[in-house]
Amino acid sequence: MKATFTRTLATALPVIAVAALAAGSAQARDPFSKEELDKQNAKLLELVEQGYNLWHGSNPDMSGNGLACGNCHPDAAASNPQTFPKYIQNMNRVVQWGEMVNWCIQNPQGGKALALESQDMTAMYAYAMNLHRGKPIQPGLASQQTKPIEVKYGKGFPSKPSGIGFDTK
Amino acid sequence: MDHKKDRREFLQLTGKAGLSTIVGSAAGINLGVFDLAHAQPGKKVSPFRFAMITDSHLYSGDDHKFDRQLEDAIEQVNSMEIKPDFVLYGGDIAQNGTEDQLAKGRKLLSKLNTKLVLIPGEHDWYVDMGAAWKGMFGQDTWSFDHKGVHFIGMNSILVPDFWTAKQLSPRERMAAMEMLEGPIGGLWGVGEKQLEWLKKDVAKLSPDTPIVTFTHSPLWDYYPRWNFQTVDGPQIREILSKFENFTSIHGHVHQTIYNKVGNMTSIGAMSTSWPWPYPPVKLAYPSSQMNRADPGNEVDGMGTLAVNVKAGGDKLVEYQPFADTLTPFLKKGLKA
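Residue numbers (my numbering), protein chains in the order written: chain A, 4 to 172; chain B, 2 to 337.
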């Protein structure tokens with residue numbers, strides 16, 4: 004019985020391999036070109052910029068008392084998207100980062116929550132993640148002081164400078 | 002955690018003062034007991050306490066939570082068992098620098114039952130370049146002597162003109178300065194005029210006169226990106242380098258922080274509005290960091306400061322948090 008199975012497998016393997024190669028070649032494509040990557044990156048940066056603006060109060064619905072995310076989280080510091088999902092005591096459950104953002108919007112900021120699947124929330128996430136690049140992913144980390152990345156100039160990501168004052172790079 | 006290092010830091014930061022707190026507490030703390038153990042004959046300082054409230058960032062309108070938090074701070078200071086001889090307000094009464102916000106601050110601060118001295122922060126200043134602030138609170142540069150200590154207040158939030166060339170409105174100028182990580186305003190400082198004033202102010206003081214400076218921002222390069230600095234801090238430290246006991250107390254950082262640079266001991270105060278994260282720099286005294294604030298407790302990471310000046314001019318600095326923000330280390334107080 005065992006010998007029969009081995010023979011069958013030996014016959015079948017090359018067929019499976021050829022089929023897999025054929026299927027693979029049907030789905031494969033060239034790596035993204037520089038132009039394509041630049042375009043993708045530009046789209047991402049557009050969203051990061053949108054997130055930066057939201058972070059600093061561009062959507063008045065997100066605040067009922069004048070506070071924006073940036074008041075407490077300059078350069079997105081201590082927003083720690085790399086530590087989610089994690090248990091949040093106030094909610095008594097494990098939440099994703101966007102839920103924590105909405106908690107902040109609704110409580111300290113007294114504003115209206117964003118839809119978790121909205122482009123605005125994705126933009127906020129894109130900004131916060133961009134300002135935490137290189138940080139180790141540590142789901143659940145909750146009790147320690149954390150440090151943001153060091154921002155040398157500008158907004159912390161490639162962005163058109165305003166041309167005012169120090170913002171010249 | 003490196004307990005040996007913590008212990009070393011404990012001794013460096015609290016020294017005898019750590020012990021005096023314990024002695025003071027055990028004896029029902031009064032300044033007589035406090036000073037008995039630490040009197041330094043030959044110096045002319047009479048013991049006293051002063052307090053600090055800072056960074057309330059009041060918004061316009063009624064019944065904002067920051068109004069209540071400033072009221073909590075005032076109540077906390079008014080209730081101190083050892084009454085402060087005066088209270089320093091360390092800047093940023095207002096969030097957007099408007100006259101109504103400053104007036105609200107003045108009204109709330111009038112409930113203090115002791116003398117108040119103030120310096121401005123950037124949030125108070127850049128709508129009208131300090132006109133409303135000065136109209137309500139007086140000069141932004143001053144000094145006075147109190148019980149043998151020379152106190153100096155300076156305006157450390159002055160930046161070069163970035164607004165005229167771009168024809169920014171006063172509100173746009175203020176908005177640029179409101180953002181801690183805003184890339185426009187640039188580094189601030191006290192400027193030449195105040196440096197000249199400072200030289201003259203201390204010229205005739207003897208080196209054994211204890212000096213306490215009040216500025217909104219720290220006089221050392223903590224994290225320039227967030228203006229946790231004063232650009233002419235080195236010149237200020239040089240002018241004050243002859244003094245044996247020089248303590249710099251500042252606001253702006255919204256957190257507990259301690260440092261020593263040359264003869265200067267620097268202490269940062271918590272705000273009454275919100276706490277800020279620690280920036281990405283290596284601290285010389287990492288034990289001076291408070292606990293990470295719990296966002297579920299809306300007053301965690303905030304509070305006031307009490308400074309007990311002892312005979313001889315040494316000080317025990319005690320953070321007075323609204324919530325359980327302090328590490329066991331910080332609860333013992335810091336020596337300055």
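It is possible that some hints are incorrect.
What the hints assert, rightly or not - Once the Cα atoms are required to be at most 16 Å apart in a straight line, the calculated EDC-like pairs of lysine to aspartate or glutamate come out as:
1. A:Lys-138 / A:Asp-123
2. B:Lys-167 / A:Glu-153
3. B:Lys-261 / B:Asp-222
4. B:Lys-283 / A:Glu-153
5. A:Lys-89 / B:Asp-64
6. B:Lys-116 / B:Asp-86
7. A:Lys-155 / B:Glu-100
8. B:Lys-45 / B:Asp-146
Said to hold, decoys possible - Calculated Cβ distances over 10 Å to all of chain A for the following chain B residues:
9. Lys-66
10. Asn-79
11. Ser-170
12. Trp-221
13. Ser-242
14. Asn-292
The hints are simulated quantities; they were obtained by calculation from the structure and are not laboratory data.
C-beta: ideal position from N, C-alpha, C; glycine also.
Hint-by-hint comparison with the structure:
A threshold of 16 Å between alpha carbons decides the hint, and for Lys-138 (chain A) with Asp-123 (chain A) the separation of about 23 Å lies outside it, so the pair is violated. Between Lys-167 (chain B) and Glu-153 (chain A) the CA atoms are separated by roughly 29 Å; this puts the pair beyond 16 Å, and the hint is violated. Proposed proximity of Lys-261 (chain B) and Asp-222 (chain B) is supported: the alpha carbons are some 12 Å apart, at most 16 Å. A distance of roughly 12 Å separates the Cα atoms of Lys-283 (chain B) and Glu-153 (chain A); the hinted pair therefore holds under the 16 Å criterion.
Only pairs whose Cα atoms come within 16 Å are accepted, and Lys-89 (chain A) paired with Asp-64 (chain B) is rejected, the gap being roughly 34 Å. Pair hint Lys-116 (chain B) plus Asp-86 (chain B) holds up; C-alpha atoms about 7 Å apart against a cutoff of 16 Å. For the proposed pair Lys-155 (chain A) and Glu-100 (chain B), the alpha carbon gap of about 34 Å is over 16 Å, so the pair is violated. A distance of roughly 12 Å separates the Cα atoms of Lys-45 (chain B) and Asp-146 (chain B); the hinted pair therefore holds under the 16 Å criterion.
Once the 10 Å rule is applied to beta carbons, Lys-66 (chain B) is inconsistent with being away from chain A; the minimum gap is 7 Å. For Asn-79 (chain B), the non-interface assignment is confirmed: its Cβ lies about 26 Å from the closest Cβ of chain A, beyond the 10 Å cut-off. With a cut of 10 Å on Cβ distances, Ser-170 (chain B) stays outside the contact zone with chain A, its closest approach being about 13 Å. Remark: the non-interface label on Trp-221 (chain B) is consistent with the geometry, its nearest Cβ contact in chain A lying 17 Å away (cut-off 10 Å).
For Ser-242 (chain B), the requirement that its beta carbon stay farther than 10 Å from each beta carbon of chain A is met, with the minimum near 30 Å. Residue placement check: Asn-292 (chain B) does not keep its beta carbon more than 10 Å from all beta carbons of chain A (closest about 8 Å).
Hint violations for this structure: numbers 1, 2, 5, 7, 9, 14, all remaining hints satisfied.
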